[in-house]
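**Student:** Take these sequences, add in the hints, and give me the full structure.
Protein chains in written order, with my numbering: chain A, 139 to 628; chain B, 139 to 628.
Everything labelled a hint here was simulated from the structure, so no lab data went into it.
One or more of the hints may lead you astray.
If chains are identical, the list can't say which one is meant, so a pair holds when it fits in one copy or spans any two.
Claimed, not checked - Distance condition first, Cα-Cα at most 25 Å in a straight line; then the derived DSS-like pairs of lysine-lysine: (1) 236 / 433; (2) 466 / 192; (3) 250 / 236; (4) 626 / 594; (5) 565 / 215; (6) 195 / 492; (7) 392 / 215; (8) 571 / 466; (9) 192 / 433; (10) 195 / 433; (11) 160 / 392; (12) 195 / 160; (13) 236 / 587; (14) 387 / 236; (15) 466 / 492; (16) 236 / 215; (17) 520 / 565; (18) 473 / 195; (19) 466 / 531; (20) 387 / 546.
Read off the chains here:
Protein chains: 2
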Amino acid sequence: MSKGITSRSEDYSQWYNDLVIKADLAEYAAVRGCMVIKPYGYGIWERMQAILDKRFKETGHSNAYFPLFIPKSFFSKEASHVEGFATECAVVTHYRLKNDGNGNIIVDEDAKLEEELIVRPTSETIIWNTYRGWIESYRDLPILVNQWANVVRWEMRTRLFLRTTEFLWQEGHTAHATEQEAIEEAERMLDVYAEFAENILAVPVIRGRKTENERFAGALDTYCIEALMQDGKALQAGTSHFLGQNFAKAFDVKFTSKEGKLEHVWATSWGVSTRLMGALVMAHSDDQGLILPPKLAPIQVVIVPIFRTEEEKATIDVFVGTLMAELKEIGVSVKFDDRDTQRPGFKFAEWELKGVPLRVAVGARDMQNGTVELARRDIQTKETVSQEGLSAKIESLLDEIQTNIYQKALNFRDSHITEVNSYDEFKEILESKGGFISCHWDGTVETEKRVKEETKATIRCIPLDNKVEEGICVFTGKPSTQRVLFAKAY
Amino acid sequence: MSKGITSRSEDYSQWYNDLVIKADLAEYAAVRGCMVIKPYGYGIWERMQAILDKRFKETGHSNAYFPLFIPKSFFSKEASHVEGFATECAVVTHYRLKNDGNGNIIVDEDAKLEEELIVRPTSETIIWNTYRGWIESYRDLPILVNQWANVVRWEMRTRLFLRTTEFLWQEGHTAHATEQEAIEEAERMLDVYAEFAENILAVPVIRGRKTENERFAGALDTYCIEALMQDGKALQAGTSHFLGQNFAKAFDVKFTSKEGKLEHVWATSWGVSTRLMGALVMAHSDDQGLILPPKLAPIQVVIVPIFRTEEEKATIDVFVGTLMAELKEIGVSVKFDDRDTQRPGFKFAEWELKGVPLRVAVGARDMQNGTVELARRDIQTKETVSQEGLSAKIESLLDEIQTNIYQKALNFRDSHITEVNSYDEFKEILESKGGFISCHWDGTVETEKRVKEETKATIRCIPLDNKVEEGICVFTGKPSTQRVLFAKAY
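**Tutor:** If you want it as structure tokens, here you go:
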């Protein structure tokens, strides 16, 4: 099997694209900037959804569903929100097609909408317009709602999973009686995302705050988790926004407090998207294909039989039947690849490409010796092990692989946070090594914009665990009280 | 608690609407014809999704995701398909808004799309355009894919869940090497739907075929399940289509067969939607509120404490804690409603409205007597039972309720299938009794259309288990070989 994947060193960006397509994760659709998520890719996304959904419910949230379309006028109600989203949205203007009489299907101009509808790029406006009807008193609060949905942002330059016109995500939208409670909610959901990224995706993340310039349009504070990819570029993997009373004011959502006062409601919103699929691929995979952490792999173990005669096959089948039953019993997802249309070498390459964490090969000689060959995808080692106690061995190996993948990403990330104390050093590190650059910044939007123009690096976040430290801005020489993390980013 | 629900006898349609809104299932959104599915309603839909999704996977299907937008030209490729869907669709014509300088947000005319995009009303066209790239040989077949998605059909008259501009559904799209295999798939999925409707929704259904006139636009054969609502109107609860080679021909999807011949691929598609929520409500509920079958109820058991002193409350709490642990252990979903802001009577009425199958009330006297009061929602009985063996009793009662709800609906349905042998009788039964009317029909589209115009009744289906029977069409007197089922329908 020829994989046809460009190597990372040759062209990282092309490697990513090749991998996403060859490993059957996704492909570009016939519609500009949109993607088709293929069954194998969607299987990973489904596992992400299931695990996150459980976390959301454990923290008291329920799912609901709000309309795909948002009336244009809603958009304009929150000033910074419309600025942030109006320039990249899909607009529905008509509600009918017709035959023009010559066999062509054309838009029916008689069916023009009075008010255009925007395909949601995010749902704060339609949701806060709805919440107005749900909230009267403090007894109706908090509202802890999440929605799994598709959203559309008209991107000019797209990349599979990382930036597509339509993407899938979840968006939590909560309403609270107090500022403090809303801030705690935003922080809590950031923690949920961080725990998920680290324990499930095996991607270490830095929890931080965005600067004013990078904040969500309409938020008072945007919390984020930032991950590092193997090419030294950062990727924002999730955000959680403290929205203050901005949307409550824009949509006139008030409640009667315990003390009988009429007050505006406090809000948060938070989301992660199919972008996480891109982070997953870029954080771990290699030139041979995907490397999936066992906790997300749709297939954790693949078993490949190697035989010449039907008799040999029959013996292997019996053994594999028992092994599979044992593995399923302990919750391991396993596939027996006994296709007779492909040779073992082809199968090995295919499952390597698709990132299956563990491969078990069983041959006729193995059956005589009571052994199998185990191959780990993450470090590409093979070992011959006894058939006895095999399922327990596999279970513990899967844990080990999960830990190892995380540790490797963590080592890489930690060795790519560089403290610098001058702009020259900043530029030198940015070009030679990449990664996060920790440096003093004077806290102004102007400086941030200038650095972005000059170097393409942006402030990824102000880490939550930052220490206060006297210093001088490496760009302007002005005083600064803390370091922030710059990086080039996806 | 004043429920404010119109009674069924007074105004069935208003009763339905009141119930959907008051029971917190859904409400109309600010966008014309669209709905907000509220957390309680969405919880029921999530259970439907989880159970169906499991069935789909057990029958070999995987989920994937295809774009929301369909290029206008795709639509025109299958002639009957475009006719069926072009007249009710949302059309995206622009991709940007801008500020007009006077503070108004307007559509940016410079951002007009070269080709308009249709918000998917169904995805056959975009999916078959994609499958062309996935299929080369018989080894690539079958493709068994499902997608959970939102779709949009621009309906002029809408009703919550039953007919809304945007709705949620699943659509299976499969590709096969032979006609026979595709027909078997379409039939298999109809069986999955029927089993789900009867065993989970507790709604008996008739499996049948649609007439040519009622077929899906682009199908060679449409199979359906038809349910009966309490007002005697039928509701199509799911459809499964044998599409022949229509879409493969329209999108040029061919494969090399085992014999080395190039052939067009055979197709099916099948779907159920949030419409099932409407069926669920209308099939079972009463003037007091929802009646949910236990297998779908987000809350199967609600426990309401009745006490005067904190001491009494403390004793009840201990008992309830143990009971809840036992119930959760056996997979029963239970809620302890110990809100101190509402009185027991209010809580009783609220959970009755929301259709919780079983209510457990525990008072101070119960604690002395070692009893609780159990109230069944379906038949509105109360009984005092021992606290001993209570969780086992609850478990078996939930089964009994599920069976009883189904049996009641089945009795109603069976007593509302009336054989008639003349048009007068047909009209009389249709007006006086409603339900399904079984009669001979001459098999022509003209007669079917005429009857629809004159009576509003349509042919719901030709039952799959129909017996061949010589007869004469009650409308035209022409010969007929079988009876079909007419009804007024949602």
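**Student:** Each hint should be assessed against the structure and marked as holding or not.
**Tutor:** For each hint, the structure was consulted:
| no. | hint | verdict |
| --- | --- | --- |
| 1 | 236 / 433 | neither (50 Å within a copy, 45 Å between copies) |
| 2 | 466 / 192 | both (21 Å within a copy, 16 Å between copies) |
| 3 | 250 / 236 | both (13 Å within a copy, 19 Å between copies) |
| 4 | 626 / 594 | within (6 Å within a copy, 65 Å between copies) |
| 5 | 565 / 215 | neither (41 Å within a copy, 55 Å between copies) |
| 6 | 195 / 492 | between (31 Å within a copy, 20 Å between copies) |
| 7 | 392 / 215 | within (16 Å within a copy, 51 Å between copies) |
| 8 | 571 / 466 | neither (44 Å within a copy, 53 Å between copies) |
| 9 | 192 / 433 | both (14 Å within a copy, 20 Å between copies) |
| 10 | 195 / 433 | both (19 Å within a copy, 20 Å between copies) |
| 11 | 160 / 392 | between (52 Å within a copy, 22 Å between copies) |
| 12 | 195 / 160 | between (35 Å within a copy, 24 Å between copies) |
| 13 | 236 / 587 | between (49 Å within a copy, 23 Å between copies) |
| 14 | 387 / 236 | between (42 Å within a copy, 23 Å between copies) |
| 15 | 466 / 492 | within (21 Å within a copy, 38 Å between copies) |
| 16 | 236 / 215 | between (35 Å within a copy, 14 Å between copies) |
| 17 | 520 / 565 | neither (43 Å within a copy, 77 Å between copies) |
| 18 | 473 / 195 | between (31 Å within a copy, 15 Å between copies) |
| 19 | 466 / 531 | within (14 Å within a copy, 32 Å between copies) |
| 20 | 387 / 546 | neither (47 Å within a copy, 50 Å between copies) |
Consistency note: the structure conflicts with the earlier hints numbered 1, 5, 8, 17 and 20.
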